[in-house]
Amino acid sequence: MDIFSDLLLGASTAFQPVNLFYGFIGCLLGTAIGVLPGLGPTATIAMLLPITFGLRPESALIMLAGIFYGAQYGGSTTAILINLPGESSSVVTAIDGYQMARNGRAGAALATAALGSFFAGTVATLLLAVAAPPLAAVALKFGPAEYFSLMVLGLVASVALASGSLLKAFAMIVFGLLLGSVGTDVESGMPRYIFGIPELYDGLNFVAVSMGIFGICEILRNLENEHERSVGVKKVAGLMLTRDDFRRIRGPVLRGTALGSLLGVLPGGGAMLSSFAAYALEKRVSPNRAEFGKGAIEAVAAPESANNAGAQTSFIPMLTLGIPGNPVMALMVGAMIIQGITPGPNVISEKPDLFWGMIVSMWSGNLMLVILNLPLIGLWVRMLTIPYHLLFPAIIGFCCVGAYSINNSVFDVFIMAGFSVVGFVLSKLRFEPAPLLLGFILGPMLEENLRRAMLISQGDPTIFVRSPLSLSLLIVAVIVLGLVLSPSISRKRDEAFTE
Amino acid sequence: MLKIRNGRDFIGGAAMIVVSLLFIWFGRELDVGNSFQMGPGYFPVILSLLLIGIGALIMVQSLVVAVEDEPDAPANWQAYTLVILAPIFFGLALSRFGLAPTIFLMVAAVSFASKYAGWRHSIALALFMAISSVVLFTRLLSLPVSPFGPWIPFLGN
Numbered sequence: 001m002d003i004f005s006d007l008l009l010g011a012s013t014a015f016q017p018v019n020l021f022y023g024f025i026g027c028l029l030g031t032a033i034g035v036l037p038g039l040g041p042t043a044t045i046a047m048l049l050p051i052t053f054g055l056r057p058e059s060a061l062i063m064l065a066g067i068f069y070g071a072q073y074g075g076s077t078t079a080i081l082i083n084l085p086g087e088s089s090s091v092v093t094a095i096d097g098y099q100m101a102r103n104g105r106a107g108a109a110l111a112t113a114a115l116g117s118f119f120a121g122t123v124a125t126l127l128l129a130v131a132a133p134p135l136a137a138v139a140l141k142f143g144p145a146e147y148f149s150l151m152v153l154g155l156v157a158s159v160a161l162a163s164g165s166l167l168k169a170f171a172m173i174v175f176g177l178l179l180g181s182v183g184t185d186v187e188s189g190m191p192r193y194i195f196g197i198p199e200l201y202d203g204l205n206f207v208a209v210s211m212g213i214f215g216i217c218e219i220l221r222n223l224e225n226e227h228e229r230s231v232g233v234k235k236v237a238g239l240m241l242t243r244d245d246f247r248r249i250r251g252p253v254l255r256g257t258a259l260g261s262l263l264g265v266l267p268g269g270g271a272m273l274s275s276f277a278a279y280a281l282e283k284r285v286s287p288n289r290a291e292f293g294k295g296a297i298e299a300v301a302a303p304e305s306a307n308n309a310g311a312q313t314s315f316i317p318m319l320t321l322g323i324p325g326n327p328v329m330a331l332m333v334g335a336m337i338i339q340g341i342t343p344g345p346n347v348i349s350e351k352p353d354l355f356w357g358m359i360v361s362m363w364s365g366n367l368m369l370v371i372l373n374l375p376l377i378g379l380w381v382r383m384l385t386i387p388y389h390l391l392f393p394a395i396i397g398f399c400c401v402g403a404y405s406i407n408n409s410v411f412d413v414f415i416m417a418g419f420s421v422v423g424f425v426l427s428k429l430r431f432e433p434a435p436l437l438l439g440f441i442l443g444p445m446l447e448e449n450l451r452r453a454m455l456i457s458q459g460d461p462t463i464f465v466r467s468p469l470s471l472s473l474l475i476v477a478v479i480v481l482g483l484v485l486s487p488s489i490s491r492k493r494d495e496a497f498t499e
Numbered sequence: 001m002l003k004i005r006n007g008r009d010f011i012g013g014a015a016m017i018v019v020s021l022l023f024i025w026f027g028r029e030l031d032v033g034n035s036f037q038m039g040p041g042y043f044p045v046i047l048s049l050l051l052i053g054i055g056a057l058i059m060v061q062s063l064v065v066a067v068e069d070e071p072d073a074p075a076n077w078q079a080y081t082l083v084i085l086a087p088i089f090f091g092l093a094l095s096r097f098g099l100a101p102t103i104f105l106m107v108a109a110v111s112f113a114s115k116y117a118g119w120r121h122s123i124a125l126a127l128f129m130a131i132s133s134v135v136l137f138t139r140l141l142s143l144p145v146s147p148f149g150p151w152i153p154f155l156g157n
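Protein chains in written order, with full-length UniProt numbering: chain W, 1 to 499; chain H, 1 to 157.
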């Protein structure tokens, strides 16, 4: 199959009016909620996931992808306009973006972010279209041993790329894996850790868990030291970039896109790491280094391109292998499962219209974002002025109804409340929640493949090192682990995250 | 005599050990099986043992390495209680009052977790949330929940 006919097939799905409509609504809602401070892509998707339940699978996934980009992008708007990054990947954008805004160049900064993101999105979409099918073809040859080793590599790599203590990140993964074992045992049908509660037979609902950990828990943290935020609404003018601006952002956008595309594929990577790395790179190579921190347009262009590229390419391992690299992809996996699709290499051959439709919709979604964001910027600025004390009760309200609507049962609302406490305690103890969610979502798959592999080998654990593919995956995992533990690298890692 | 240099990690490591022990305790009747035929208890037990190990390492580290860390924000128990009780109230009240009164009461009450809340704003917000969630969730998304429940005279069914 050649790629153009595939993309054409995708276009015929993505450009159906109904799918364009849901994609648009997704981008709009994603931006609207992502703009609100304290709500990053993970919380936004968790909160909005229930409204896609009634849709057809391709519409639902297109809408979710739109919500994701919208939320991702909304964070940049707040970062630039009020120096309040809505999510971690816009932290570096805030540095120079806000300075630009103070110099009266908010419009230029927003336009740079939008155009850089669009360019990066286009390139990353093409990359996804080219890379996914061959990867999936390789993955189809995977047996349980290879899958197990791949997931181990994924989990190890996600620790390596997490910020903060490695040991604690490992603890969170294992805790997540344990939580994943709640429910009916797949092989024997035995119930595990369900305490006689029928709702637990299917396991803890991951949407409820992530809403608690990422949505409600954040509110608990924000209420600790609440300051009255008075956001001065200024008119954003001057969205047009000058010829000089274009000349200055060309290089950073290209470098940011390349770096982001690469880092997005890594487990645990994605948008945040990409934007940090792109900022650091640009600071080294830019001829206008001296201006960094004082409103350099390069320092907005590079991380914004990188985080969008990274966000996009993080779909690659999720779509081809069924392995989510970050919490957002974990939610997408969950959404696919709810829609009756098992993510993995089979999706391309079994549901080509869905797969290619989603890829093409990523491009159209990025285009919509540009159209949505530049003219509607005034609307987003107004949303920013909603004070937090009016915002958080509404968020709690939507989370409650959202959690209820997963299974039309209040049990998931209680789960959400419970995990907001768990998340809060963990954050007090400085444990990161992201590896927990990854472990939680991968746990059942990891266990299933481990058990199958051991059954095939009749209990002989050397099965994991006898297959060359599985062996090389495990060797890479060990190398990654070694690198992270080596003192010189870990020092660099600390620098990278404190920068 | 060992001194705890990082109290937060000491508690954190201990918490991980407690979590693992809970999983082992509650799973004590699950068949562990062997590595050929793994029972439902095999994976959780292995993981629990692993987590005990990691928890112990974190505790040891907390005795050796001192970490400078920004202090916690002062606890705001009133806010915690309100925010955590809100979903629980929602879950208990939904089938009795129906969506509109439940959302109204919950939003109005939980807004007082903020020190900037005022009666007028809270009631306006609660009313807005009640109306918009009824429109969005029962009308547009047709969730199986009625706007008014059996405990509401005349309107409930």
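Keep in mind the hints are simulated off the structure, nothing from the lab. Treat the hints with care, since some could be wrong.
Looking from chain H toward chain W, a few residues come up when the C-beta cut is under 7 Å (computed) [unchecked claim]:
#, residue
1, Leu-50
2, Trp-77
3, Phe-89
4, Phe-90
5, Thr-138
Cβ-Cβ distance ranges computed for the label pairs, FRET-style [said to hold, decoys possible]:
#, chain 1, residue 1, chain 2, residue 2, range
6, W, Met-190, H, Leu-63, 13 to 23 Å
7, W, Arg-284, H, Leu-127, 20 to 30 Å
8, H, Phe-128, W, Gly-54, 17 to 27 Å
9, H, Lys-115, W, Ile-197, 33 to 43 Å
10, W, Phe-15, H, Leu-127, 55 to 65 Å
11, H, Asp-72, W, Ser-5, 19 to 29 Å
12, W, Lys-141, H, Gly-33, 34 to 44 Å
13, H, Phe-154, W, Met-240, 37 to 47 Å
14, W, Met-383, H, Lys-115, 17 to 27 Å
None of the values given here were measured: they were computed from a predicted structure. Note that CB positions come from ideal geometry on N, CA and C, so glycine has one too.
Numbered hints the structure breaks, given as an ascending list: When the structure is compared with the hints, numbers 2, 3, 5, 6, 7, 10, 11, 12, 13 turn out to be violated.
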